[in-house]
Amino acid sequence: MKENRLIPNDHSQAEGDKAALPTEKSAKHFSTLRNLLNSFENRTWRGVVIGIPYLWMLMFFFLPFVFVFKISLAESIIARPPFTSLIAWVDGTRLSINLIFDNYLLLLEDDFFTIAYLNSLKIAFVATLCCLIIGYIMAYGIARSKASIRNVLLLLVILPFWTSFLLRVYAWMGLLSNHGIINNLLLAIGFIDQPIQMMYTDFAMYVVFVYTFLPFMILPLYSTLEKMDMSLHEASADLGAKPVTTFLTVTVPLSMPGIIAGCMLVFIPAVGEFVIPSLVGGPDSMMIGRMLFDEFFANRDWPLASAVAVVLLIFLVVPFMLYKFYSARQEGRYV
Amino acid sequence: MNSKRNYYILTGMGFGFAFLYIPILLLMVFSFNEAKVTTRWSSFSLKWYQALLENDAIINAALISLKIAVISATIATIVGVLAGIALVRFKKFKGKTLFSGLMVAPMVMPEVITGLSLLFLFVAMEELIGWPDGRGMTTITIAHITFCITFVAVIIQSRLQGMDESLEEAAMDLGGRPIRILFDITLPLITPAMISGWLLSFTLSLDDVILASFVSGPSSTTLPLVIFSKIKLGISPDINALATLIIGIVAIGIVIAAWLMNKKEKAYQRDIQMAVAQNE
Amino acid sequence: MEPLEEKYIDPQPWLDKNEKPFLEIRSVTKKFGDFTAVDKVNLEIYKGELFCLLGGSGCGKSTLLRILAGFETATEGSFFIDGVDMTQIPPYERPVNMMFQSYAIFPHMSVEKNIAYGLKRDGLSKPEVKTRVEEGLKLVQLSQFAKRKPHQLSGGQQQRVALARALVKHPKVLLLDEPLAALDKKLREKTQFELMDIQYKLGITFIVVTHDQEEAMTLSTRIAVMNQGKIKQIGTPTDIYEYPQSRFTANFIGSINIFEGIVKESLSESHVVQSEETQCDLLIDRDSSIHTGEKIGVAIRPEKIHLSREEPDKQDFNTLRGKVLDFGYIGNLSVYNVKLPSGKMVKVSSPNQNRYSKHRVTWDDIVYLTWEPANTVVIL
Numbered sequence: 001m002k003e004n005r006l007i008p009n010d011h012s013q014a015e016g017d018k019a020a021l022p023t024e025k026s027a028k029h030f031s032t033l034r035n036l037l038n039s040f041e042n043r044t045w046r047g048v049v050i051g052i053p054y055l056w057m058l059m060f061f062f063l064p065f066v067f068v069f070k071i072s073l074a075e076s077i078i079a080r081p082p083f084t085s086l087i088a089w090v091d092g093t094r095l096s097i098n099l100i101f102d103n104y105l106l107l108l109e110d111d112f113f114t115i116a117y118l119n120s121l122k123i124a125f126v127a128t129l130c131c132l133i134i135g136y137i138m139a140y141g142i143a144r145s146k147a148s149i150r151n152v153l154l155l156l157v158i159l160p161f162w163t164s165f166l167l168r169v170y171a172w173m174g175l176l177s178n179h180g181i182i183n184n185l186l187l188a189i190g191f192i193d194q195p196i197q198m199m200y201t202d203f204a205m206y207v208v209f210v211y212t213f214l215p216f217m218i219l220p221l222y223s224t225l226e227k228m229d230m231s232l233h234e235a236s237a238d239l240g241a242k243p244v245t246t247f248l249t250v251t252v253p254l255s256m257p258g259i260i261a262g263c264m265l266v267f268i269p270a271v272g273e274f275v276i277p278s279l280v281g282g283p284d285s286m287m288i289g290r291m292l293f294d295e296f297f298a299n300r301d302w303p304l305a306s307a308v309a310v311v312l313l314i315f316l317v318v319p320f321m322l323y324k325f326y327s328a329r330q331e332g333r334y335v
Numbered sequence: 001m002n003s004k005r006n007y008y009i010l011t012g013m014g015f016g017f018a019f020l021y022i023p024i025l026l027l028m029v030f031s032f033n034e035a036k037v038t039t040r041w042s043s044f045s046l047k048w049y050q051a052l053l054e055n056d057a058i059i060n061a062a063l064i065s066l067k068i069a070v071i072s073a074t075i076a077t078i079v080g081v082l083a084g085i086a087l088v089r090f091k092k093f094k095g096k097t098l099f100s101g102l103m104v105a106p107m108v109m110p111e112v113i114t115g116l117s118l119l120f121l122f123v124a125m126e127e128l129i130g131w132p133d134g135r136g137m138t139t140i141t142i143a144h145i146t147f148c149i150t151f152v153a154v155i156i157q158s159r160l161q162g163m164d165e166s167l168e169e170a171a172m173d174l175g176g177r178p179i180r181i182l183f184d185i186t187l188p189l190i191t192p193a194m195i196s197g198w199l200l201s202f203t204l205s206l207d208d209v210i211l212a213s214f215v216s217g218p219s220s221t222t223l224p225l226v227i228f229s230k231i232k233l234g235i236s237p238d239i240n241a242l243a244t245l246i247i248g249i250v251a252i253g254i255v256i257a258a259w260l261m262n263k264k265e266k267a268y269q270r271d272i273q274m275a276v277a278q279n280e
Numbered sequence: 001m002e003p004l005e006e007k008y009i010d011p012q013p014w015l016d017k018n019e020k021p022f023l024e025i026r027s028v029t030k031k032f033g034d035f036t037a038v039d040k041v042n043l044e045i046y047k048g049e050l051f052c053l054l055g056g057s058g059c060g061k062s063t064l065l066r067i068l069a070g071f072e073t074a075t076e077g078s079f080f081i082d083g084v085d086m087t088q089i090p091p092y093e094r095p096v097n098m099m100f101q102s103y104a105i106f107p108h109m110s111v112e113k114n115i116a117y118g119l120k121r122d123g124l125s126k127p128e129v130k131t132r133v134e135e136g137l138k139l140v141q142l143s144q145f146a147k148r149k150p151h152q153l154s155g156g157q158q159q160r161v162a163l164a165r166a167l168v169k170h171p172k173v174l175l176l177d178e179p180l181a182a183l184d185k186k187l188r189e190k191t192q193f194e195l196m197d198i199q200y201k202l203g204i205t206f207i208v209v210t211h212d213q214e215e216a217m218t219l220s221t222r223i224a225v226m227n228q229g230k231i232k233q234i235g236t237p238t239d240i241y242e243y244p245q246s247r248f249t250a251n252f253i254g255s256i257n258i259f260e261g262i263v264k265e266s267l268s269e270s271h272v273v274q275s276e277e278t279q280c281d282l283l284i285d286r287d288s289s290i291h292t293g294e295k296i297g298v299a300i301r302p303e304k305i306h307l308s309r310e311e312p313d314k315q316d317f318n319t320l321r322g323k324v325l326d327f328g329y330i331g332n333l334s335v336y337n338v339k340l341p342s343g344k345m346v347k348v349s350s351p352n353q354n355r356y357s358k359h360r361v362t363w364d365d366i367v368y369l370t371w372e373p374a375n376t377v378v379i380l
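Chains as they are written, first to last, in this note's numbering: chain A, 1 to 335; chain B, 1 to 280; chain C, 1 to 380.
Just so you know, these hints were derived from the structure itself, not from any lab.
Think of the CB as a built atom: it goes at the ideal place given N, C-alpha and C, for glycine as much as any other residue.
Do not rely on the hints blindly, as some may be mistaken.
Label-pair distances were calculated between CB atoms; the ranges are [unchecked claim]:
id : chain 1 : residue 1 : chain 2 : residue 2 : range
1  : B       : Phe19     : A       : Pro82     : 40 to 46 Å
2  : B       : Pro218    : A       : Pro283    : 43 to 49 Å
3  : A       : Leu248    : B       : Glu265    : 32 to 38 Å
Lysine-lysine pairs mimicking DSS-like chemistry, simulated, CA-CA at most 27 Å apart [stated by the list, open to error]:
id : chain 1 : residue 1 : chain 2 : residue 2
4  : B       : Lys96     : A       : Lys146
5  : B       : Lys94     : A       : Lys227
6  : C       : Lys113    : B       : Lys264
7  : C       : Lys149    : B       : Lys92
8  : B       : Lys263    : C       : Lys347
9  : C       : Lys147    : C       : Lys264
10 : B       : Lys263    : C       : Lys147
11 : C       : Lys113    : B       : Lys91
12 : B       : Lys92     : C       : Lys40
13 : A       : Lys227    : B       : Lys92
14 : C       : Lys264    : C       : Lys314
15 : A       : Lys146    : B       : Lys266
16 : B       : Lys91     : A       : Lys324
17 : C       : Lys120    : C       : Lys149
18 : B       : Lys230    : B       : Lys67
19 : C       : Lys149    : B       : Lys264
20 : C       : Lys149    : C       : Lys185
21 : A       : Lys324    : B       : Lys96
22 : B       : Lys94     : C       : Lys31
23 : B       : Lys263    : C       : Lys113
24 : B       : Lys92     : A       : Lys324
25 : B       : Lys266    : A       : Lys227
26 : B       : Lys264    : C       : Lys147
27 : B       : Lys94     : A       : Lys324
28 : C       : Lys40     : B       : Lys266
29 : C       : Lys147    : B       : Lys266
30 : A       : Lys146    : B       : Lys264
31 : B       : Lys96     : A       : Lys70
32 : B       : Lys266    : C       : Lys347
Using the sequences and the hints given, assemble the complete structure.
Structure follows, in structure tokens:
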């Protein structure tokens with residue numbers, strides 16, 4: 001009894017127990033060699049975790065851009081590969097560097113390219129705006145619906161995203177074509193005499209853009225709206241704001257992060273989109289992604305296609321940087 | 001007044017969901033249409049499904065696509081998990097800014113640019129070291145992995161950020177070495193995120209037209225490439241049949257997964273409530 | 001039968017010059033960029049102590065604990081356990097275990113597996129692991145919950161799993177980060193004593209980080225009060241409460257009244273202090289380190305002041321007259337805020353020994369405050 005209650009005694013007992021076990025870490029255990037091995041193990045471990053993805057992305061994502069940039073400064077020739085090299089040995093002694101800016105000059109001078117760039121921005125902008133309006137209503141509705149059906153509704157929004165993009169575009173081709181379901185229906189009820197040309201117009205592009213990108217808008221909007229504290233709305237109403245005022249002065253400003261994220265997720269891929277304009281877009285409404293594709297595959301002009309890519313990249317870097325800046329500021333404000 | 005507002009929102013939502021689903025439903029309905037014209041109903045028939053099964057080109061392409069999707073989703077998940085861990089758990093290392101940039105960029109990069117640049121890389125590599133020998137499954141798989149790593153990394157990153165870091169510290173405190181901790185603690189806890197990362201990668205790979213257009217060779221045509229070249233020429237009922245099959249499989253899979261998850265979550269909540277009640 | 005007194009020996013190794021410290025922290029500093037979280041901390045902790053690091057949030061106590069566990073590396077300084085330098089040893093090799101504030105119980109493992117985890121990492125044989133796990137479960141009274149998953153346990157049970165998991169490794173030092181913070185008040189009080197009991201039984205050195213002064217006072221053999229990365233005072237709970245050495249400690253632990261003044265006169269037994277805040281001079285016990293003419297603060301705890309409506313006979317020293325501005329009934333005691341003519345507010349608390357006392361002091365009463373010189377503390 002006494003032994004168990006006295007601290008010093010108890011100690012020696014515990015100590016004795018432990019000494020018999022292999023776990024006991026004695027002073028001699030920690031040699032310098034051991035420390036070295038440990039730090040080596042840690043360093044290798046870190047090296048693997050960082051190194052593998054880093055090398056992969058440098059090799060297959062970063063390096064390829066260097067090639068694009070390099071080729072954009074070359075000249076198109078009929079050869080394999082179909083462009084001139086930038087650095088060449090002249091007479092075997094002199095190193096000459098040939099940078100050709102013609103491709104970029106052509107992009108600037110030829111209206112065709114300028115119009116395509118502006119048209120891409122315009123279509124992406126209008127499509128984003130339509131997505132925002134429809135997406136906001138839906139996200140708001142889902143966020144305000146009963147908790148039990150909220151997940152089901154959300155699942156219904158995500159479901160089309162998991163099915164093929166290509167097939168979703170295809171679904172509209174069947175609706176919009178001259179002999180499509182909509183025209184057939186309208187003709188059948190006598191609303192029109194002649195099929196309306198919808199396929200291969202900007203209208204078709206907008207519809208399909210909104211259709212395919214809508215989930216990307218709804219999801220970030222929903223996540224900000226769902227987190228929003230309902231008592232803020234009640235407080236606003238309590239202080240005398242009408243529902244519309246509350247919506248404009250409380251709900252919308254607080255959902256700004258979701259609005260920005262959603263718009264970026266729609267706008268950025270829309271600018272460079274290729275499948276939609278090439279399937280439902282008109283021949284006179286050129287978009288830049290499609291142009292790059294044609295320049296590369298139809299004309300086999302690698303340098304010009306590269307220059308188009310570089311310029312497109314610059315167009316996209318600006319909004320992306322703005323977005324990054326905004327989200328960094330947001331974090332700074334709330335953390 | 002409140003109910004009036006709700007009414008507007010409900011109507012809006014109704015239109016929204018109709019907009020999302022009517023085109024798909026019509027597409028599926030017309031896959032059972034007897035006539036060659038896919039826009040006017042004649043009578044019920046399964047002949048387009050039969051035609052689909054007899055179409056070797058489509059079946060081969062589908063097999064190639066599945067193979068590529070499985071391989072690239074698996075590799076992308078492994079590399080993406082490492083990237084996610086590096087982003088969240090290693091506070092500082094040389095070149096972290098570039099690293100995190102590389103992990104976001106492919107997501108916002110137009111695929112035409114990614115495809116074009118990868119093609120240039122492969123051409124240059126073939127010239128320099130003789131590999132890859134021409135373009136085909138290997139190059140498509142590499143392209144898909146590169147594209148998917150980012151998505152996996154983002155999913156893993158957000159899961160790890162939500163995870164209590166002291167779990168890993170506790171394991172280390174109890175004598176676990178870094179690699180053991182990865183297998184004992186980190187990976188088991190991020191398994192759901194890894195599964196969603198894999199599924200997302202699998203879907204993205206199965207769905208890709210643009211990257212494949214650039215880096216595929218004549219011997220390796222993926223399913224989306226076949227579909228794309230077919231529908232460019234117009235509507236064709238066997239594609240409707242194919243779409244119905246794909247959408248059906250995906251929808252059933254997702255609904256089952258959601259149901260299982262919901263069941264698990266409910267059991268979990270019940271356990272917690274019981275534990276609390278028992279304490280009182 | 002042993003003599004009763006022997007059971008209650010309260011060893012105080014820190015007073016014994018021959019005793020060597022078990023854990024020694026030598027001038028440990030931790031900087032995060034420009035911010036100094038831990039500032040040249042020196043600490044000696046003896047075997048079998050239940051040592052508390054007490055301080056507000058951001059005082060550096062948790063960082064110090066994490067340095068001991070090995071999750072942070074000290075920018076400068078070193079520390080030793082049992083004479084071995086631990087500074088460079090990775091966490092998984094230190095003979096130190098930690099109980100986390102969040103408990104950090106692995107959610108995908110059963111209670112049993114959680115407790116066995118550390119033992120398996122030490123390469124113990126299967127039967128050995130089994131016995132040790134059973135011992136651990138018994139120690140924290142969770143034997144019947146061995147197969148449960150963490151989410152099927154209540155908060156108190158989870159806390160005990162975390163404790164058992166760390167203890168079965170027989171660490172030389174157990175670090176506890178806010179061990180009771182996540183429990184509700186009733187459970188916290190009960191668990192406090194369980195924790196002391198277990199520590200007493202096993203004799204393992206505990207280092208507890210807490211922000212709760214009551215918890216620190218109840219649990220510990222000694223307390224180190226920390227502020228802004230520095231240790232302000234080390235001592236037994238009684239030392240810290242009765243003899244605070246700085247204004248920070250005095251105010252941080254409980255509440256206290258401080259009168260600012262100048263030493264007017266030094267007598268054989270005491271000093272006389274003149275203060276502008278009081279009507280009469282204050283008398284304090286003689287202390288060789290205090291000199292006439294020095295500016296000092298005379299501090300007195302609220303419960304050490306006697307409050308009465310009757311005018312005392314002698315009013316030369318330590319007698320203040322004031323008006324009750326506010327009072328609060330807390331149940332076991334009442335707290336009064338008394339305003340002196342100088343405007344100084346004095347806090348007084350007195351026990352409610354009688355129910356419905358007719359002579360209860362109330363608002364606007366004129367009261368007299370008196371205290372014994374021995375109950376004051378001088379703060380420089």
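Okay, the hints, checked on the actual structure:
Distance hint check: the CB atoms of Phe19/B and Pro82/A are about 45 Å apart, consistent with the given range 40 to 46 Å. Look at Pro218/B against Pro283/A: about 28 Å separates their beta carbons, and that is not inside 43 to 49 Å. A beta carbon spacing of about 36 Å between Leu248/A and Glu265/B agrees with the range 32 to 38 Å that was offered as a hint. Restraint check: the Cα-Cα separation between Lys96/B and Lys146/A comes to about 43 Å, which exceeds 27 Å; the hinted pair is violated.
A C-alpha spacing of about 36 Å is found between Lys94/B and Lys227/A, which places the hinted pair above 27 Å, so the restraint is violated. Distance restraint check for Lys113/C and Lys264/B: the Cα-Cα separation of roughly 22 Å lies within the 27 Å cut-off, and the hinted pair is therefore satisfied. Restraint check for Lys149/C and Lys92/B: not satisfied, since their Cα atoms lie roughly 35 Å apart, outside the 27 Å limit. At most 27 Å may separate the alpha-carbon atoms for a hinted pair to count; Lys263/B and Lys347/C exceed this at roughly 58 Å.
Annotation: proposed proximity of Lys147/C to Lys264/C is violated, straight-line Cα distance about 72 Å (limit 27 Å). With a CA separation close to 22 Å, the supplied pair Lys263/B and Lys147/C stays within the 27 Å bound. For the hint linking Lys113/C to Lys91/B, the alpha-carbon distance of about 30 Å lies beyond 27 Å, and the restraint is violated. Restraint check for Lys92/B and Lys40/C: satisfied, since their Cα atoms lie roughly 25 Å apart, inside the 27 Å limit.
Simply put, Lys227/A and Lys92/B have alpha-carbon atoms about 31 Å apart, too far for the 27 Å limit, and the pair is violated. Among the hinted pairs, Lys264/C with Lys314/C is consistent with the structure: their alpha-carbon atoms are about 20 Å apart, no more than 27 Å. Restraint check: the Cα-Cα separation between Lys146/A and Lys266/B comes to about 17 Å, which is no more than 27 Å; the hinted pair holds. Proposed proximity of Lys91/B and Lys324/A is supported: the alpha carbons are some 20 Å apart, at most 27 Å.
Distance hint between Lys120/C and Lys149/C is fulfilled; the C-alpha atoms sit about 19 Å from each other, no more than 27 Å. For a cut-off of 27 Å, the pair hint linking Lys230/B to Lys67/B stands: about 22 Å separates their Cα positions. Between Lys149/C and Lys264/B the alpha-carbon distance is near 14 Å, which keeps this suggested pair within the 27 Å criterion. With a C-alpha separation of about 25 Å, the suggested pairing of Lys149/C with Lys185/C holds against the 27 Å cut-off.
Between Lys324/A and Lys96/B the alpha-carbon distance is near 16 Å, which keeps this suggested pair within the 27 Å criterion. A hinted pair counts as satisfied when its Cα atoms are at most 27 Å apart, and Lys94/B with Lys31/C qualifies at roughly 20 Å. Annotation: proposed proximity of Lys263/B to Lys113/C holds, straight-line Cα distance about 25 Å (limit 27 Å). The straight-line distance between the Cα atoms of Lys92/B and Lys324/A is roughly 20 Å, inside the 27 Å bound, and the hint therefore holds.
The hinted pair formed by Lys266/B and Lys227/A meets the criterion: a straight-line CA distance of about 21 Å does not exceed 27 Å. Of the pairs offered as hints, the one joining Lys264/B and Lys147/C holds, with about 19 Å between alpha carbons and a cut-off of 27 Å not exceeded. With a C-alpha separation of about 21 Å, the suggested pairing of Lys94/B with Lys324/A holds against the 27 Å cut-off. Only pairs whose Cα atoms come within 27 Å are accepted, and Lys40/C paired with Lys266/B is rejected, the gap being roughly 51 Å.
At roughly 20 Å between alpha-carbon atoms, Lys147/C and Lys266/B fall within 27 Å of each other, so this suggested pair holds. At roughly 21 Å between alpha-carbon atoms, Lys146/A and Lys264/B fall within 27 Å of each other, so this suggested pair holds. In summary, the hint linking Lys96/B to Lys70/A is supported, as the alpha carbons are separated by about 26 Å, within the 27 Å threshold. Restraint check for Lys266/B and Lys347/C: the C-alpha separation of about 54 Å exceeds 27 Å, so the hint is violated.
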